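Engineer: Residue numbers (the numbering used here), protein chains in the order written: chain A, 24 to 191; chain B, 1400 to 1991.
These are computed hints drawn from the structure, not numbers from a lab.
Since this is a predicted model, take the numbers as computed values, not measurements.
For every residue, glycine included, the Cβ atom is placed at its ideal position computed from N, Cα and C.
Check the hints yourself; a few may be wrong.
[Claimed, not checked] Taking lysine-lysine and the DSSO-like style, the derived pairs with C-alpha atoms no more than 27 Å apart in a straight line are:
| hint | chain 1 | residue 1 | chain 2 | residue 2 |
| --- | --- | --- | --- | --- |
| 1 | B | LYS1932 | A | LYS134 |
| 2 | B | LYS1520 | B | LYS1418 |
| 3 | A | LYS54 | B | LYS1911 |
| 4 | A | LYS181 | B | LYS1781 |
| 5 | A | LYS54 | A | LYS43 |
| 6 | A | LYS33 | A | LYS143 |
| 7 | A | LYS110 | A | LYS188 |
| 8 | B | LYS1932 | A | LYS143 |
| 9 | A | LYS54 | A | LYS114 |
| 10 | A | LYS181 | B | LYS1932 |
| 11 | A | LYS114 | B | LYS1418 |
| 12 | B | LYS1418 | A | LYS181 |
| 13 | B | LYS1929 | B | LYS1911 |
| 14 | B | LYS1888 | B | LYS1852 |
| 15 | B | LYS1509 | B | LYS1489 |
| 16 | B | LYS1929 | A | LYS134 |
[Claimed, not checked] What follows is a set of in silico ranges between Cβ atoms, one per label pair, in the way DEER data are often shown:
| hint | chain 1 | residue 1 | chain 2 | residue 2 | range |
| --- | --- | --- | --- | --- | --- |
| 17 | B | THR1582 | A | ALA44 | 37 to 43 Å |
| 18 | A | LYS187 | B | LYS1929 | 52 to 58 Å |
| 19 | A | SER101 | B | ARG1404 | 21 to 27 Å |
| 20 | A | LYS110 | B | PRO1970 | 35 to 41 Å |
| 21 | B | PHE1567 | A | ALA44 | 45 to 51 Å |
| 22 | A | LYS110 | B | ARG1951 | 48 to 54 Å |
| 23 | B | ARG1650 | A | GLN190 | 56 to 62 Å |
| 24 | A | LYS187 | B | ARG1650 | 40 to 46 Å |
Here is how the chains run, residue by residue.
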Amino acid sequence: MVVSVQEIPKNDPLAVPEQKAIIDRILAENKNLPGAVMVVLNELQAQIGFVSPAMQAYVARQLRAPLQQVRGVISFYSFFTTMPRGKHTVKFCMGTACYVGGMPQLIEKAKQVLNCDIGKTTADGMATLEVCRCVGACSQAPVIVIDEELHGRVRPNKLPQILKKAQQ
Amino acid sequence: MKYFRSHVLVCVDPECLSKGAHDVMDALNDELVAQGLIDEVQVLETSRIGDCAIGPELMVYPEGVHYAGLSVDDIPFLVEEHFLKGRIAKKFVAPPKVVTDEELGAPMAKEVRVVLRNCGKIDPENIDDYIAEDGYAALEKVLGSMTPEQVIEEILASGLRGRGGAGFPTGRKWQFARASKATPKYMICNADEGDPGAFMNRRVLEGDPHSVLEGMIIGGYAVGASRGYIYCRAEYPVAVRTLRIAIDQARAYGLLGENILGSGFSFDIEVRVGAGAFVCGEETALMASIEGRRGEPRPRPPFPAVSGLWGKPTNINNVETYANVPQIILKGAHWFAGMGTEKSKGTKTFALAGDVNHTGLIEVPLGINLREVIYDVAQGIKNGKKLKAVQIGGPMGGCLPEEYLDRPIDYESLAAAGTIMGSGGFVVMDEDTCMVDIARFFMEFTQDESCGKCTPCRVGTRRMLEILQRICDGDGRDGDIETLEYLCKWIKTTSLCGLGQGAPNPVESTLKHFRHEYEAHIYEKRCPAKVCKGLIRYEIVDACTGCTVCARNCPVNAITGQRRQLHVIDPNICIRCGICQQVCNFNAVVIR
Chain A
24 MVVSVQEIPK NDPLAVPEQK AIIDRILAEN KNLPGAVMVV LNELQAQIGF VSPAMQAYVA
84 RQLRAPLQQV RGVISFYSFF TTMPRGKHTV KFCMGTACYV GGMPQLIEKA KQVLNCDIGK
144 TTADGMATLE VCRCVGACSQ APVIVIDEEL HGRVRPNKLP QILKKAQQ
Chain B
1400 MKYFRSHVLV CVDPECLSKG AHDVMDALND ELVAQGLIDE VQVLETSRIG DCAIGPELMV
1460 YPEGVHYAGL SVDDIPFLVE EHFLKGRIAK KFVAPPKVVT DEELGAPMAK EVRVVLRNCG
1520 KIDPENIDDY IAEDGYAALE KVLGSMTPEQ VIEEILASGL RGRGGAGFPT GRKWQFARAS
1580 KATPKYMICN ADEGDPGAFM NRRVLEGDPH SVLEGMIIGG YAVGASRGYI YCRAEYPVAV
1640 RTLRIAIDQA RAYGLLGENI LGSGFSFDIE VRVGAGAFVC GEETALMASI EGRRGEPRPR
1700 PPFPAVSGLW GKPTNINNVE TYANVPQIIL KGAHWFAGMG TEKSKGTKTF ALAGDVNHTG
1760 LIEVPLGINL REVIYDVAQG IKNGKKLKAV QIGGPMGGCL PEEYLDRPID YESLAAAGTI
1820 MGSGGFVVMD EDTCMVDIAR FFMEFTQDES CGKCTPCRVG TRRMLEILQR ICDGDGRDGD
1880 IETLEYLCKW IKTTSLCGLG QGAPNPVEST LKHFRHEYEA HIYEKRCPAK VCKGLIRYEI
1940 VDACTGCTVC ARNCPVNAIT GQRRQLHVID PNICIRCGIC QQVCNFNAVV IR
């Protein structure tokens, strides 16, 4: 998928002046670092929320790296997304302790409450559901992370209350 | 930097400041000058040492006495009593702050804290706190009085081995990197702690980041490196932030950067963040990731010590390895070598998880046996149940049954038992755990995280997962066990990196020790632990009071029944999620 700079879709962050400014600032700050591709993509993911195909082409051009390298990095690491996400991210920890602690049941329940599958965003664009690797809070298993906030020892009957945070 | 016999840490939280903490501090300094003690006692600012309720408070180390409610007028008395006469001024002693910490409580029986000694005790965002605990004294000693060769000699003599799991002698690694002629050389700290159930490194990075920095700087001096990278996984944002604060503070104090402590040695450290790939914990994949590429491993040799980051000599150690270094330098190799077994020295942190009474972080001397860890440190199995297996070493580790409990925990005997030390995951499983399901769970993890570069790992783990999945689903066939054994053997011997080579371990060890469970699944279509969904069925028994809680919580509405009457589960709709059993207050839901 080759996207030249001329073909930027109207709703792409590159077409929005404020977001374009953020992208350019990130590029300017990190351009000369060795191994800049990872650093820049990490920052873009954190500050813009995703890295669209047009952004990937732009980054490759600015860093003078092959587009193939940028796309390769994006597809390799699970943190990068190429599509916009929901306002909130709900992550279900699938570490050993959480798995043993009943996470599969909680996921079933959450899918029902939010009417949305894992890896998808709810129809109202409020929440993106994800399964994630161990977040390292095993002593509080099972753990659900909504945005940056961690909810430990989640029981099925408490789940709807917790998920409310991802619905508004 | 001078050696002080005593350090006074004065709390400068807003509340203490409003009660005159700075006045107390000034008075203390004046009094120490007046008594001629200012070269022996150092006064530092700190925070959060108590609840600030009764006015200015301070801690005096090495005694660790907590004084509170001091006013300027009390200072001459305190200095005379404590620092001149060496008596504790009982009048002002306040009980030490009770640390409430879910992950890291007070040390349990048989614990020895070396790496974790400062965690929860000092303010990780204040370098002075660390310095007051002899922080950077080892660096000063190294730069002031030791040659790089002497540093390596000391680490070799201590017997320190890599805490990332493989257990390669750290001193040898440093020797190799030192012997490489090319420049510049790099130091890398592997903080990509990806094993599910392991969070030892996160805790050290968040609680005592300077100990890792100090270990890296000392290592950098020993191998002749000029630059260091800490590769931290993206799942640890707090650790990344804490590290960056620590690096800035160390730079401001001249402990990082050009000409450190006037020694002529220059070294700087940068944090790089991963993006969610387990395989990046493998050293060659990690370096590829720092270089901004896909984190795929490559064959070794050449080893990183010869050709690593950007083709230059590179030394990679784990967080815990570096955190051990300053104390070895300060207390001497003999002190460190005094702990542990003949070949495995020192202590090891473990993250206890699973069905034990005490979960969380522990640090024990190597050589302790599994039984002591489970029954003394972790205080036994939860709810009085029976132990079934211990899984050590993360997803590449093996499961050990009860017969192995008297084995000492050291690199060699764990390897002989069919598992690995790993980075320190320690999951205890009780009798309600299905070992086939556990093997499937770990295989799902490694299969998902396999980077796809080499065929045995990419294809082999997928084949194994398919077989395990069908056994758990109740569709196991005659011959499956033999096929698994065949795959284990070949994936182990032909994979490129540690991920593939270790991936069969959970399956191989459960096949060895719990073969009867596999057989029950395949031939009797029965899951002995009643876990595998394809082989169980939920039923409601007469104890049901018809409270409707289960019906309301069922995600697929498989439960029907009138209020105050026995409810029924439709097995055709039921997805065997087990929520009904969890929410039932009358133990009326049973598994058949």
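Engineer: Assess, step by step, whether the Cα of A:LYS114 is no farther than 27 Å from the Cα of B:LYS1418, and give holds or violated.
Structural biologist: Cα-Cα ~44 Å, so violated.
Engineer: Given the hint of 35 to 41 Å, check if A:LYS110 and B:PRO1970 actually sit that far apart at their C-beta atoms.
Structural biologist: Once the Cβ atoms are compared, 39 Å apart, the range 35 to 41 Å for B:PRO1970 and A:LYS110 holds.
Engineer: Is the Cα-Cα distance between B:LYS1509 and B:LYS1489 27 Å or less?
Structural biologist: 31 Å, violated
Engineer: Need the status of pair B:LYS1520, B:LYS1418: alpha-carbon distance at most 27 Å?
Structural biologist: 23 Å, holds
Engineer: If you draw a straight line from the CA of B:LYS1932 to the CA of A:LYS143, is it 27 Å or shorter?
Structural biologist: Status holds; Cα separation ~25 Å.
Engineer: Is the straight-line distance between the alpha-carbon of B:LYS1932 and that of A:LYS134 27 Å or less?
Structural biologist: 19 Å, holds
Engineer: Assess, step by step, whether the Cα of B:LYS1888 is no farther than 27 Å from the Cα of B:LYS1852, and give holds or violated.
Structural biologist: 19 Å, holds
Engineer: Decide if the proposed pair is consistent with the structure: A:LYS181 and B:LYS1932, CA atoms, cutoff 27 Å inclusive.
Structural biologist: 24 Å, holds
Engineer: A:LYS187 and B:ARG1650, beta-carbon distance inside 40 to 46 Å?
Structural biologist: 44 Å, holds
Engineer: Does A:LYS143 lie within 27 Å of A:LYS33 when you go C-alpha to C-alpha?
Structural biologist: Cα-Cα ~23 Å, so holds.
Engineer: Can you confirm whether the C-alpha distance between B:LYS1418 and A:LYS181 stays at or below 27 Å?
Structural biologist: The hint is violated at about 43 Å.
Engineer: What's the verdict on B:LYS1929 and B:LYS1911, does the C-alpha distance respect the 27 Å limit or exceed it?
Structural biologist: 21 Å, holds
The structure does not agree with the numbered hints 3, 9, 11, 12, 15, 18, 19, 22, 23 stated previously, though it agrees with the rest.
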